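Build the full structure now, drawing on both the sequences and the hints.
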Amino acid sequence: MAEIKFEEALKKLEKIVEDLEKGDLSLDEALKKYQEGIEISRLCSQRLESAKKKIDILVKNKKGEFELKPLDEARIEE
Amino acid sequence: MSQASPDLFASSSNPSQAKHVYTVSEITQGIKLILESTFGEVWVEGEVSNFGSKDGHFYFTLKDNLAILPGVMFARANREIKFKIENGLKAICFGKISAYGPHGKYQIIVEKIEPKGIGSLQLALEQLKEKLEKEGLFRAEHKRPIPYLPSRIGVVTSLSGAAVKDILKVLDRRFSDIHIIINPAQVQGEGAKEEISGAIKDFNRFNEGLPYSQQIEVMIVGRGGGSMEDLWAFNEEVVARAIYNSKIPVISAVGHERDTTIADLVADLRAATPSVAAELVIPKKEDLRERLAGLFTDIKRSILDFIKLRTSELEATQKKIALLNPVVLIEQHKLRIADLARQIYIRATHFLKLRQLEFNTAIGKLSSLSPLNILGRGYSITFKIPQDSIIKDAKFIKIGDTIKTKLHKGEILSEVLNKSDQ
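Same order as they appear, the protein sequences are chains A and B. Final position of the first sequence in the numbering used here is 78; the numbers increase by one with none missing. Final position of the second sequence in the numbering used here is 1422; the numbers increase by one with none missing.
Just so you know, the hints here were simulated from the structure itself, not pulled from any lab data. Since the model is a prediction, treat every value here as computed from it, not as a measurement. Honestly, I wouldn't trust all of these hints.
[What the hints assert, rightly or not] Okay, derived cross-link-like pairs now, DSS-like style, lysine-lysine, Cα gap no bigger than 27 angstroms in a straight line: (1) K1143(B) - K11(A); (2) K5(A) - K1201(B); (3) K69(A) - K54(A); (4) K53(A) - K1285(B); (5) K52(A) - K1165(B); (6) K1319(B) - K1334(B); (7) K1201(B) - K53(A); (8) K1169(B) - K69(A); (9) K1032(B) - K1143(B); (10) K1165(B) - K54(A); (11) K1032(B) - K5(A); (12) K1247(B) - K1131(B); (13) K1116(B) - K1105(B); (14) K32(A) - K22(A); (15) K1201(B) - K62(A); (16) K63(A) - K1169(B); (17) K32(A) - K1247(B); (18) K12(A) - K1308(B); (19) K60(A) - K1201(B); (20) K1308(B) - K22(A); (21) K1285(B) - K52(A); (22) K1300(B) - K53(A).
[To be verified] Pulled a few chain A residues facing chain B out of the computed Cβ check, cut under 10 angstroms: (23) L10; (24) L13; (25) E14; (26) C44.
Yeah, the Cβ is synthetic: ideal placement off N, Cα and C, and Gly gets one too.
Here it is, written out as structure tokens:
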């Protein structure tokens, strides 16, 4: 889902529903749009469910480059 | 040249002393000492004018409508001032009254200066707000849109503050599986403004080295509640510019609902509190699931409807075609003909019956009028023989003639024996 933003994907789905409901497509076009819609739905669903929780701290290493360090190492002070 | 305290009021008419003539420096020194011992450190209120600065030192005069008082504020003292001193500013100054020999003037050496009628922080804030607004930093057109479902969120705040815990808690509640990157920064005190602006720039530089899919898509910059002094770092120009120049959209989350800092005005989106920022930055996972499920259902339904519609259209057309089939037409015609034939038969039969009825009626009538019927009632018809003509009048018969009498049944041949003519 890196290529297409989630919000755009949802908007595309809504457009597909609109087009199908309007009904003035050929059968070929309608089936194509249906396929596309199912595919986008699947990708969106994947995006929602496959994300992983991660909390990092941004640090600079000795070379001055950026690195991410997981939070439990750096502990939020109570 | 070494009097302990020169007697300025010594009369020159004292004959025992020679006329004392001061040098300029002596008299100046005297004036200085008198001023300093009389006034020491004072508070003076006036309007600033003729303001100038050289080598970091401030030179100005305080005035009211009757007098002016030259003033100087050295760099060491004016370093802490947060607001800009401008001509026309009504101020209250605290300092030492003294004399400055080389210029031959008295002056106030200012240690502290405050604007009259308004807090110094407040004045500084208003001045900076005006300046940045003129530059267009707050313009709505410049604000970047916040992405709807960011996969990576940056947070600039203190690791030891309340804000970070609130943000993490709310983010976890709404959408537990996202990647959060915290760039810690002091949020108040010495060095805070550099750390905050530095952290914002860091995130931007971090993104530069990464492919689009791994970049931070939005950042939250904020801290928990506090006094105006506590929040002051978020009113600093360097922080405002870092936010303005950030390519990553910035959500500001400073303090509580009623605190508005300059960071809030420059940011792409302002949240009343850090918790609200977390709500603004990401939608609730269940809401998204629902919306997605709804769309999925809609798509399935609409394609089925589409197919149904096309199918019924097809069937309607097929029916139409079927009706135009010649075989069908022939059958139709056959039926029609049979039907017509039946109708003709019915009507003809009916017609015949009617005529029959009429005929019978006529016959009946005729029958009843028939003379032969009369015979049935006992009458008879008499014929003259041999002419066979019907006799109605007796005068046409002579005695001795032969007559035929037709009865209802049978005939009688008779000879006339007698007659009468009436």
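Handout entry: Restraint check for K1319(B) with K1334(B), where alpha carbons must lie at most 27 angstroms apart
Key = Holds, at roughly 20 angstroms.
Practice task
Please work out if K1032(B) and K5(A) have their alpha carbons no farther apart than 27 angstroms.
Solution key: 75 angstroms, violated
Practice task
Take the C-alpha atoms of K1247(B) and K1131(B), compute the straight-line distance between them, and say whether it is at most 27 angstroms.
Solution key: Distance ~22 angstroms between K1247(B) and K1131(B) Cα, so the pair holds.
Exercise for the section: Assess, step by step, whether the Cα of K1201(B) is no farther than 27 angstroms from the Cα of K62(A), and give holds or violated. Expected result: Holds - the C-alpha atoms of K62(A) and K1201(B) are around 19 angstroms apart, at most 27 angstroms.
Handout entry: Given hint K22(A) paired with K1308(B) - CA-CA distance at most 27 angstroms
Key = 14 angstroms, holds
Practice task
Assess, step by step, whether the Cα of K53(A) is no farther than 27 angstroms from the Cα of K1285(B), and give holds or violated.
Solution key: At roughly 13 angstroms apart (the allowed maximum being 27 angstroms), K1285(B) and K53(A) satisfy the hint.
Practice task
Compare the distance between the alpha carbons of K1285(B) and K52(A) with 27 angstroms, and conclude whether the hinted pair is satisfied.
Solution key: Holds. K1285(B) to K52(A) sits at ~13 angstroms (cutoff 27 angstroms).
Exercise for the section: So, E14(A) near chain B? Judge it on the closest CB pair being under 10 angstroms. Expected result: 7 angstroms, holds
Handout entry: Restraint check for K1169(B) with K69(A), where alpha carbons must lie at most 27 angstroms apart
Key = Holds: K1169(B) and K69(A) sit about 20 angstroms apart, inside 27 angstroms.
Handout entry: Given pair status - K11(A), K1143(B), alpha carbons within 27 angstroms
Key = Status holds; Cα separation ~22 angstroms.
Exercise for the section: For the pair supplied as a hint, K1032(B) and K1143(B), confirm whether the alpha-carbon distance does not exceed 27 angstroms. Expected result: Judged against 27 angstroms, a Cα distance of about 59 angstroms means the pair is violated.
Handout entry: Holds or violated: K69(A) to K54(A), with C-alpha atoms at most 27 angstroms apart
Key = With a Cα-Cα distance of about 10 angstroms, the restraint between K69(A) and K54(A) holds, given a limit of 27 angstroms.
Against the hints set out earlier in the document, violations occur for numbers 9, 11, 16, 17 and 22.
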